[in-house]
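Chains as they are written, first to last, in the working numbering: chain A, 761 to 1013; chain B, 761 to 1013; chain C, 761 to 1013; chain D, 761 to 1013; chain E, 761 to 1013; chain F, 761 to 1013.
Hints in this document: simulated from the structure, not taken from any laboratory.
No distinction is drawn between identical chains; accordingly, a pair holds when it is met within one copy or between any pair of copies.
EDC-like mimics (lysine to aspartate or glutamate), calculated; alpha carbons at most 20 angstroms apart, straight line:
#, residue 1, residue 2
1, Lys889, Asp967
2, Lys889, Glu856
3, Lys889, Asp853
4, Lys919, Asp1012
5, Lys889, Asp835
6, Lys908, Glu805
6 protein chains.
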Amino acid sequence: MELAELTWPVVAALPRTTPIVFPIAALEQHGHHMPLFTDSLLLGEVIRRVKQLPVAGKVLFAPLQWLGNSHHHLDMPGTLSASPRVYLDLLRDLAENFLAHGFTRIAFVNGHGGNTTPSQQALFELRQKYRDRRDLMLLSLTYWDAAKPNEIIAGLTQKEMGHACEWETSMMLTIRPELVVGDLSAVTEVPFGTGGAPGYRGWTMPDRSEPGHIGSPAAATAEKGEALFRVFTAGVAAYLERMTSHAGHGWDV
Amino acid sequence: MELAELTWPVVAALPRTTPIVFPIAALEQHGHHMPLFTDSLLLGEVIRRVKQLPVAGKVLFAPLQWLGNSHHHLDMPGTLSASPRVYLDLLRDLAENFLAHGFTRIAFVNGHGGNTTPSQQALFELRQKYRDRRDLMLLSLTYWDAAKPNEIIAGLTQKEMGHACEWETSMMLTIRPELVVGDLSAVTEVPFGTGGAPGYRGWTMPDRSEPGHIGSPAAATAEKGEALFRVFTAGVAAYLERMTSHAGHGWDV
Amino acid sequence: MELAELTWPVVAALPRTTPIVFPIAALEQHGHHMPLFTDSLLLGEVIRRVKQLPVAGKVLFAPLQWLGNSHHHLDMPGTLSASPRVYLDLLRDLAENFLAHGFTRIAFVNGHGGNTTPSQQALFELRQKYRDRRDLMLLSLTYWDAAKPNEIIAGLTQKEMGHACEWETSMMLTIRPELVVGDLSAVTEVPFGTGGAPGYRGWTMPDRSEPGHIGSPAAATAEKGEALFRVFTAGVAAYLERMTSHAGHGWDV
Amino acid sequence: MELAELTWPVVAALPRTTPIVFPIAALEQHGHHMPLFTDSLLLGEVIRRVKQLPVAGKVLFAPLQWLGNSHHHLDMPGTLSASPRVYLDLLRDLAENFLAHGFTRIAFVNGHGGNTTPSQQALFELRQKYRDRRDLMLLSLTYWDAAKPNEIIAGLTQKEMGHACEWETSMMLTIRPELVVGDLSAVTEVPFGTGGAPGYRGWTMPDRSEPGHIGSPAAATAEKGEALFRVFTAGVAAYLERMTSHAGHGWDV
Amino acid sequence: MELAELTWPVVAALPRTTPIVFPIAALEQHGHHMPLFTDSLLLGEVIRRVKQLPVAGKVLFAPLQWLGNSHHHLDMPGTLSASPRVYLDLLRDLAENFLAHGFTRIAFVNGHGGNTTPSQQALFELRQKYRDRRDLMLLSLTYWDAAKPNEIIAGLTQKEMGHACEWETSMMLTIRPELVVGDLSAVTEVPFGTGGAPGYRGWTMPDRSEPGHIGSPAAATAEKGEALFRVFTAGVAAYLERMTSHAGHGWDV
Amino acid sequence: MELAELTWPVVAALPRTTPIVFPIAALEQHGHHMPLFTDSLLLGEVIRRVKQLPVAGKVLFAPLQWLGNSHHHLDMPGTLSASPRVYLDLLRDLAENFLAHGFTRIAFVNGHGGNTTPSQQALFELRQKYRDRRDLMLLSLTYWDAAKPNEIIAGLTQKEMGHACEWETSMMLTIRPELVVGDLSAVTEVPFGTGGAPGYRGWTMPDRSEPGHIGSPAAATAEKGEALFRVFTAGVAAYLERMTSHAGHGWDV
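Assemble the whole structure, with the sequences as input and the hints as a guide.
Right, here's the structure in full:
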């Protein structure tokens, strides 16, 4: 179900256990070879494919919110980013718009690494604010955490998602190849680094990469992209299926 | 120029006087006969048409931000709205993303009545914050203020823009007729009222309309919609042309 | 009724439909020829005259709040201004002080252009916050919007209110001529400009006027001032009469 | 010097060591026998008398800000109060309006007990914010702390300032006797209590007094009021004299 | 009772009139001769001694919160301070954690001068927020206000508490003499100054003292320290006894 | 180096690359069998042991901040928690106190699961705020992420850290056995659940556990506790060693 295309009386008549899905992504620099809208285009494609599947009939999809938490990319012009606290508020507001009408199941499906921590912080805050509503199911899922492509797809160079990397570039080659510009084979690898693991290190993109990508864009192919879309789509769909079939109470989903 | 499709080095190379246009709209109830995404669809069509015109080559368009200031519609489920102060912050952030890189000309092109006051408040705040940058041109324009359809188009019932009204319904019939649902001829007129004029009255939609529309949807036709799109498109394009050709200093645009 | 002179038990005994009027103005630069308190003095005189009329017996007047939203004048020393968000909060607080006791009708009567957008924003926020109180009548009125002097008074040079202009200077000549300083005939006209119309442009006073006035002070006379006071007083009184006699529900006032 | 009556070029020409005085008071319940504007009227009279003295020529007086920190009186209708944090912001803004132009000496002269802690908190915050400006002199003075009436005036029943008490009622009898209503001799004493001394106890007026006064209004006379005004006026004037003649650096004033 | 050592079911079973004591201090510069933790060590010792007394059995002690409102000391490195508003929020949160479970008696026992105004501001705000809970007893007490050592202890040089002064240095010599460093006899007196009395002056430590102490550290002895601890401990214990035995309503404690 | 015991001139003389360690934990419910201070006691012991090691000579340790982000435990009385945004501000303030003096390396060493997301959010915000300081190393590390006990210690029942669980109870038995109350063998296991993995689910403790623990306390022994302390201490020490020996720039630590 597409929220955008419904009238309000139709929404008013929905069961309050209907899962509401908010796709959230970003508009931010993706190196010299990929467009600013990369995260939104890729998540948009994952969501488009999920909507072809049976689970889509049981879930209400909001339009993709392309404004993300991207201050770490602001040194590169063109990036649009909500301030960190504003982004927390924005996610809260989206959820509260439905919580106010008694809906109980909310999921942010995320396509941008910088949104992961804020979406958890926002859901933590929301759960506390509505602590007495025991039936709330407040979830976030970053799409590339929904599956393990390396266990399924042969030939991937990277072991994890980077930024404007083999994986993202491959997926863009699948859906919008004309937006991948320049000589890809000449784009040098930028290593992932440890990033303070097993802890966390605060960072901006210039701390990690001068051109703006992280990983191995030169290894990208449209075939890998198609395989990645299939794997991620299946993962997200399975997650929403679990959410839909859940009893609504308790910790397990 | 489409911001979404550019790479960051391309944006970095743009002249700092390039106007940046942020289309802003809403996802909110539009009565029993129109979809929640009405404002975003209509503004999106105006912008799409503007992009066909010569001025578009001199302007950088951000993607449409569909989350608006719609708390007055929150009684009707499905409406998504940023809290009033969060919306002010969001507009500020969008502008600052570019102001931080030295760009000087920002315009919000708006397609939702509830965004008008906040966009003025946000621009007021921004101008004060950057008071020492004398070359800033910070503008907002609601598209239906960009032209006077009644002086041009024959047969219009309404004298001004309402909500899910003759004008909006007509435009939707032009671009997405399948999203206009029910028997339009049976949708009764909801009068505009005075609304506290010549002052202002704080309101929520149930103060004004039980079904959620204001005006005369039954008078809508696809032909009127096409005429309205043409008039509004021309008005917005002319405004952007003025913005583009302006010297950048002083009060006149 | 003068709130300032009442005891609290008298206020406690008032009908909850009693309109509460908050006069709001500013203390800000008014060019080289007019005092900082111009807006407060002029609105104070309008209110003083309204209090002579019958409607005053049905309305409770708070003292004039002279601190306004005047950051756009801060480049000129002496201006006192609340920060934009603080001003929104201040207006909210004033209204809530009475809303908390069940009063339902609040009006800001405004004498400063910079307060117009914030008073609308504040009333919007208040209406949403108390969305379930269907009997609220939350109004703002800028006094020069309450009448059309050009249709009534002969000889006015300006078509609209400026700043430290023909109209304001005339009114000051009527009530406090000793506070109009310097050779008025030598004060050159500062044109209004378009200001981004039909859109809005964020501005500070140095964007528009170096001396600090906008319009034609040299055209001011005490006679014009008296005529303006009469017209505006009648307009404000008529508005309060409408507010007083209103049923309290619905959009019309 | 009256800020309200000056033009901005006159303010711009003042020495930056000119002390700026902000009189701050309240509009809040003062029992069954005294008007809501008591604090503002009394401080206004103190300031009016100070302005007759030589020190007034060296000091710039802002108009009295009647909106105070009065939430502890909000149970009694008619009270107007800024929210606690908004009041801190309002005081900060007033000071910053002048600090931004290089002025260095600011004093809040206060006539309301509820403003004492906030004015100290606000000055603390301001001093830290502008920590590198070593010449700042940021002061607050509550007028009844500026003198010790019991050591000077014979016949006072109270040892300290209360609320709508012997002292305040006496002063009101001096300047506006018609605003003291009812049979004063029948107003019973409300004892001061310990209030958690030598610590502090958070309170609202109903914690301390049902009618709204604290102290002994029945002991009030206009003669005592005149004597109190003289003592307090002298105290405030002496304080401003110290402020004016101070070198500007260091802890002593 | 030590909150830290209890399990939650034990706390859940406590009478709601049990006083909750929050010791609050600071980690901030204390001159060249005293450690950063001085305030926390000294208050900790006062609290440790109070816990030996009978009243301790009727009171629940939270652990000492060492992070204080110390921005006025931030010019000296090592100082840790919450921002002024954050400190207000932190105190509010501590109290609300217990207010939310129906507890009614809260006391901040304070060991840092910079916390005095904020603790009063925080309690003021809390009392207003929970204005309808008439049984709340919200208190703060700075330990050196709980007694008058000069009236009891012979030989004290100072008349009041300073900073890293005779009194504090004496107390440190009593409990942790190894943390008093350098040649104490060579530490010169820094006079108290008037500090804007009888008003208040916003300050940072460099406004008052270059080395960071105020008062006469050279006069410190361990014997004076022991005497001071005894006097202050008795004062705090007596205050808590009053709090414990109070009826809970009304202004007196 | 113990920050608490130093004087400010000693801190002022430290190299700006000295790592500053802020231990952060919580005071919150830990089931029926463990005290509220569990997290703080356990992290305190880890830090105490780290301080015995050579790395401690190169690092400056702040005192443990026991107030954590524990709103998810607030249903159980006794829990003390900063509001979510206040906790973000508090962490920011701690770091900024040192950043303001030019220090470049900050690490939060964390002993409470609820602090993990906020510490990352806070560091993200800090890094953006000081984006132009390229030498900043802003880190957080939760102590149980610093090692993999299951790969080293035989006999552990749990595979990961729970709450008041086998691991935490074991460690408490090692250092403060008298604070483990009741019949441990009778404490039933509370399973971990999926918690929305591979996504995140907003939760409060009653969503997961009625008694307040998660995991298998009955499996706890003091021997396991000692082994866990050794493993975690080594892990934290190794991390600080990496931090100390790092060049300061770049993503790797």
